[in-house]
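With chain A held as given, fit chain B onto it using these hints.
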Amino acid sequence: MIAEFGLAALWLAAALALLQAFAGIGHWRGFSPALASLTRPVAVVQGLLCLISFGCLVWLFAITDLSVLLVASNSHIDKPMIFKLAGTWGNHEGSMLLWVTVLSLSGTAIALFEKRLDHQTLGAALFAQALIALGFFAFLLFSSNPFERLDPAPPAGAGLNPLLQDIGLAFHPPTLYIGYVGLSVAFSFAVAALLTGKVGPAFARAMRPWVLLAWIFLTIGITAGSYWAYYELGWGGWWFWDPVENASLMPWLAATALLHSVAVLATRDALRAWTIMLALIAFAMAMAGTFLVRSGILTSVHAFAVDPERGAFILGLLVIYIGGALTLFGLRIGVVREGKTFALLSREGAIVGNNIFLSVILAIVLVGTLWPLAAEAMGDKISVGPPYFNQTTVPIGLLLMLLLIVGPLLRWRDDSLARHKALAGPALLFLLVACALFATQPQAGLWPILSLALAAATALASILPLLGRNILRIPLALWGMALAHFGFAVCVAGMAAEQGWKVEKLVAMRVGESAVVSGWNVKLDDVHPVVGDNWVALEGQLLVRRDEDTTIMRPQSRQFSSPKQQTTEAALLTRWDGQLYAVIAAPSEGDASDRWQVRLWWKPFVTLIWYGGLLIALGGAIALFGRATLALRKRRRDNPWSLA
Amino acid sequence: MKPKHQRLILAILALAALIGAGLLAASALREEASYFYTPATLAKADVEPGKAIRLGGMVQKGSVRRDADGITVHFIVQDRDATQAVVYKGITPDLFVEGSGVVADGRLDANGVFVADSLLAKHDENYVPRELKDIDMSTAEHSKDTLAE
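Going line by line, the protein sequences match chains A and B. Going by my numbering, the first sequence wraps up at 644, each residue one higher than the last. Going by my numbering, the second sequence wraps up at 1149, each residue one higher than the last.
In isolation and in its complexed conformation, chain A is listed as follows (with noise of 0.2 Å):
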């Protein structure tokens, strides 16, 4: 009954978008009022649908209820309850629903709080958001049904790829999806936009808040994928240019353009096209990693699904979707109306530069992605790996931080370096830390050295707006935008630092004898068997030591039952100035001795890389609440008697 259950308000949430198109025309071109005022509750409604609908497939994971194809090739009655539960996102037809759900209560969160968009864009943005809707509400009911029935039914369940089976899936998913498709809404925006021509600073204003929600959830999706990637897969990389982490990192690099040029619109009426451009990029490029991800047409240990018709249906919404805004931008570009102009040196200079470096990036990457892809259709097999994209977007992401050190300084519509003194301490702080480093540590080879001393530039160049101010006085948004500035240089130190430096040992270990790995002595003391609910492992106990510090390490070599896999399960070390990472891997066939492999990274400074991608986020955060607070006293102050 659940299930059909959830079916039928599937069903009846792609009905309601459909009802939301028309009432949305309704609201924008106003000829029906009646219609226009259904627009708003109607999202609500449909959002609300959606949550059911999931709420049960939820409710189907964690009874295990086998009568459901889905849970049964998915799920197993042994699991543990919150891999039950997480394992509802962990398939093709799972995180689908999700996806939509968000998309959906993307929808209902704009009826519910777009206070500032004027009537006619709205109405014309919430049509957006409902079309798109159904393309994909299209796509779940007739290609990807979760909830179809299997008779009869098994009696335990195929279980979930024991690389799923982690607490990181749990979080790593959802957080991703809001980012992901939360940019959906400027991508709705923009459209609605485009139709009404209303494009001006009130337009940007509405627009940033949801850009900076959504870019703060890819942010922390990003990082928390990056870490779980890291430990779970026990190859000691924490970023591998899978296509799955570009399809990620693309809509990324995107929002991160797009939510600075909407500063420029919202401030000084410049770069209309432009950040309306960005804006359908971003969430195409969501759409586009959706397509790489779930149609399967990429080999990857995320891609899940083989199926060429659910390949080709996504690849026919893109292509509508994808297609149809820029057909649209290229017919009503004309009715916007150009911007503000500026100097080349001004604050907006620096982030045309600024989103041009972060576009060219994303093409670079983008093609890197699907070259395997043209090739392949050419009749070649290549595969595009970690050389390529170092190569390409390490240079281009130093230059960005460059600009990254100017333009904070800079004041809008012109500016002359020569007012900022100031800049003299990056630059010199660069100089010493790139010589220094150079003198002592050439070793390390010259882009991480190099990456080293900007960041350190950079973490000092981002604290220089907020000098001069009287400090009780920085608006919060400012103070947002040096944190995330500031988390971004120690992005790029922990990167650098885990690139030039880091020290990996592998040896084969008799049980008693010791390896060294910079400055750390590891003594393999034991291994011995460990059960756990779904799994049998071959635990090492590594006796750890540096100086005084003496620990112990546990790294494991699993077998799992249902399915049968074996995974490795590295153990990590934490200290201030880095990571031991440890991994162990039980004798092979053809080798007689009684041997361990064991394998042993130091990694200095690397968990700088995670604390940086937060540190982003929280600069977001905190730059969203203050713009938030301000809206909403300046509402207050417009209108005392108002609740909200």
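Rather than coming from a laboratory, the hints here were simulated on the basis of the structure. Using N, Cα and C, we set each Cβ at its ideal position, and we do this for glycine too. Incorrect hints may have been included.
Unchecked claim - Selected chain A positions facing chain B (Cβ under 8 Å, derived; list incomplete):
1. Ala-273
2. Val-367
3. Pro-387
4. Leu-506
5. Arg-599
Unchecked claim - Computed list of lysine-lysine pairs in DSS-like fashion (alpha-carbon distance at most 25 Å, straight line):
6. B:Lys-1002 x A:Lys-198
7. A:Lys-381 x B:Lys-1044
8. A:Lys-198 x A:Lys-115
9. A:Lys-564 x B:Lys-1061
10. B:Lys-1051 x B:Lys-1089
11. A:Lys-381 x B:Lys-1051
12. A:Lys-198 x A:Lys-634
13. B:Lys-1089 x A:Lys-505
14. A:Lys-340 x B:Lys-1061
15. A:Lys-381 x A:Lys-198
16. B:Lys-1004 x A:Lys-523
17. B:Lys-1089 x B:Lys-1061
18. B:Lys-1002 x A:Lys-340
19. A:Lys-115 x A:Lys-634
20. B:Lys-1061 x B:Lys-1044
21. A:Lys-198 x B:Lys-1004
22. A:Lys-523 x A:Lys-505
Chain B only, in chain A's frame:
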């Protein structure tokens, strides 16, 4: 400057940046994209040593041999018509067994031995190299060395 002119300049700037990005990507792809070979196609192709490539095939029965250090492993990858010697330093994936499929990232050394940076093993009894294109990586087990630089 008129707003119209500035918009034109911005559009040109954006276009130039994208073309630049395309050129940069194309040149980097020419250098860094690694082609996929089976032992037979590799024997026919003239691949210079040191160029990053991928090699796929079946691990020949009885060919896996470990050095005394317990870490370096030598084996032979074969398809129907040819064989290729491979050396790998590292923890082999759990599904890496003789007679099953493997895809290796790496390069040829001066002696014509394939030096693998990472191995990807697939467990399938009916595995034949001709069907490598159908490898479903979702069930494949990875072993990544330090990311190849």
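Against the structure, the hints:
1. Because the smallest distance between the Cβ of A:Ala-273 and any Cβ of chain B comes to about 7 Å, under 8 Å, the interface hint for this residue holds.
2. Given the 8 Å rule on beta carbons, the hint for A:Val-367 holds: about 4 Å separates it from the nearest Cβ of chain B.
3. Annotation: interface hint on A:Pro-387 holds; nearest CB of chain B at approximately 4 Å, less than 8 Å.
4. Against a cut-off of 8 Å between C-beta atoms, the interface hint on A:Leu-506 holds, since the closest Cβ of chain B lies about 5 Å away.
5. Among the interface hints, the one on A:Arg-599 holds; its C-beta lies about 6 Å from the nearest C-beta in chain B, closer than the 8 Å criterion.
6. For the suggested pair B:Lys-1002 and A:Lys-198, the alpha carbons sit about 21 Å apart, so the restraint of at most 25 Å is met.
7. The suggested pairing of A:Lys-381 with B:Lys-1044 holds, with an alpha-carbon distance near 16 Å, which does not exceed 25 Å.
8. With a C-alpha separation of about 16 Å, the suggested pairing of A:Lys-198 with A:Lys-115 holds against the 25 Å cut-off.
9. Simply put, A:Lys-564 and B:Lys-1061 have alpha-carbon atoms about 24 Å apart, close enough for the 25 Å limit, and the pair holds.
10. Proposed proximity of B:Lys-1051 and B:Lys-1089 is supported: the alpha carbons are some 18 Å apart, at most 25 Å.
11. Note on A:Lys-381 and B:Lys-1051: the hinted pairing holds, with a Cα-Cα distance of about 15 Å set against a maximum of 25 Å.
12. The hinted pair formed by A:Lys-198 and A:Lys-634 meets the criterion: a straight-line CA distance of about 23 Å does not exceed 25 Å.
13. Proposed proximity of B:Lys-1089 and A:Lys-505 is supported: the alpha carbons are some 11 Å apart, at most 25 Å.
14. Only pairs whose Cα atoms come within 25 Å are accepted, and A:Lys-340 paired with B:Lys-1061 is rejected, the gap being roughly 72 Å.
15. As the CA atoms of A:Lys-381 and A:Lys-198 are separated by approximately 48 Å, the hinted pair breaks the 25 Å bound.
16. Proposed proximity of B:Lys-1004 and A:Lys-523 is contradicted: the alpha carbons are some 70 Å apart, above 25 Å.
17. Distance check on the hinted pair: B:Lys-1089 and B:Lys-1061 sit about 20 Å apart at the alpha-carbon level, within 25 Å; holds.
18. With a C-alpha separation of about 9 Å, the suggested pair B:Lys-1002 and A:Lys-340 falls inside the 25 Å cut-off, and the hint holds.
19. For the proposed pair A:Lys-115 and A:Lys-634, the alpha carbon gap of about 12 Å is at most 25 Å, so the pair holds.
20. A C-alpha spacing of about 24 Å is found between B:Lys-1061 and B:Lys-1044, which places the hinted pair at or below 25 Å, so the restraint holds.
21. Of the pairs offered as hints, the one joining A:Lys-198 and B:Lys-1004 holds, with about 18 Å between alpha carbons and a cut-off of 25 Å not exceeded.
22. Restraint check for A:Lys-523 and A:Lys-505: the C-alpha separation of about 13 Å stays at or below 25 Å, so the hint holds.
Violation of the numbered hints given earlier is confined to hints 14, 15, 16; the remaining hints are satisfied by the structure.
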